[in-house]
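Full structure from sequences and hints, please.
Sequential numbering from 1 applies to the sequence shown in the numbering used here.
Restraint-style ranges between C-beta atoms, simulated for each label pair: (1) Arg42 to Val187: 34 to 40 Å; (2) Arg191 to Pro97: 15 to 21 Å; (3) Gly181 to His102: 35 to 41 Å; (4) Met1 to Thr178: 42 to 48 Å; (5) Gly109 to Gln21: 26 to 32 Å; (6) Ala224 to Val84: 44 to 50 Å; (7) His102 to Glu140: 38 to 44 Å; (8) Asp100 to Ser214: 45 to 51 Å; (9) Gly40 to Gln122: 43 to 49 Å; (10) Val72 to Pro25: 23 to 29 Å; (11) Ser214 to Phe105: 38 to 44 Å.
Each computed SDA-like pair below joins lysine to any residue, with the alpha-carbon atoms no more than 25 Å apart: (12) Lys135 to Arg229; (13) Lys225 to Cys163; (14) Lys225 to Gly162; (15) Lys166 to His102; (16) Lys135 to Gly54; (17) Lys225 to Glu207.
If you are wondering where the hints come from, they were derived from the structure by calculation, not from laboratory data. Every residue, glycine too, gets a C-beta built ideally from N, C-alpha and C.
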Amino acid sequence: MPRYKLTIEYDGTAYNGFQAQDGQPTVQGALEAAIHAFSGERIRIAAAGRTDTGVHATAQVIHADLERDWPVDTVLNAMNAHLVRQDVCVLAAEYAPDPDWHARFSATGRGYLYRILNRRPQPVLERDRVWHVKKTLDAEAMHHAAQVLVGHHDFTTFRDVGCQSKSPVKSLDVARVTRFGEEVHLVFQARSFLHRQVRSMAGTLVEVGLGRWSAHDVKAALEAKDRARCGPVAPSAGLYLSGVRYD
Numbered sequence: 001m002p003r004y005k006l007t008i009e010y011d012g013t014a015y016n017g018f019q020a021q022d023g024q025p026t027v028q029g030a031l032e033a034a035i036h037a038f039s040g041e042r043i044r045i046a047a048a049g050r051t052d053t054g055v056h057a058t059a060q061v062i063h064a065d066l067e068r069d070w071p072v073d074t075v076l077n078a079m080n081a082h083l084v085r086q087d088v089c090v091l092a093a094e095y096a097p098d099p100d101w102h103a104r105f106s107a108t109g110r111g112y113l114y115r116i117l118n119r120r121p122q123p124v125l126e127r128d129r130v131w132h133v134k135k136t137l138d139a140e141a142m143h144h145a146a147q148v149l150v151g152h153h154d155f156t157t158f159r160d161v162g163c164q165s166k167s168p169v170k171s172l173d174v175a176r177v178t179r180f181g182e183e184v185h186l187v188f189q190a191r192s193f194l195h196r197q198v199r200s201m202a203g204t205l206v207e208v209g210l211g212r213w214s215a216h217d218v219k220a221a222l223e224a225k226d227r228a229r230c231g232p233v234a235p236s237a238g239l240y241l242s243g244v245r246y247d
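Following this line, the structure appears as structure tokens:
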């Protein structure tokens, strides 16, 4: 039974998150329906990460086990033919490196991009793909404050109350804030993240950019290990799963 590694892109606006749910449109549901349409097989796929409602991906990774050994180009083209009416596509298809390789458990790093449109006029072409913040943000101050979060910490403050992770302790490898014209981009990289950790950190750093918080305030919030000390949670629209690393 061959295992296929698929790199996926999607706009999460119309989906109730990645994970399959009865009676709800999901990214997983769309992918599994496409697999069934071309192969006749009903399977469960596994993903590197389960994104929330409205969250996008430029490089999500999944794996699928199929009974028949299809050429990888056939899998890619056949799935995309059945996804043409969906906001999902397969960017690349290949055989998994080995039979035990797993899209989630073999991952050694994940990257997220958070996009903020920082101008007074509302977004039109990028609606539902960015967080619109009208007041000018100080991206340099945000980047400086973000370095407080880098390292091995208890991220309880930035953890959703419904998070199912066994431990709030994570190692954040990269936290970078950069301005590109009218957009401010926040990049976070780690082996894994807590539920809504990225959106919680992004919302808190925007408070810094607006001059309401300082880097010291971010440090104090982190050290408090108290969800109530978190800043506002950023909306899902600006968040993208931008890459998954495998060693």
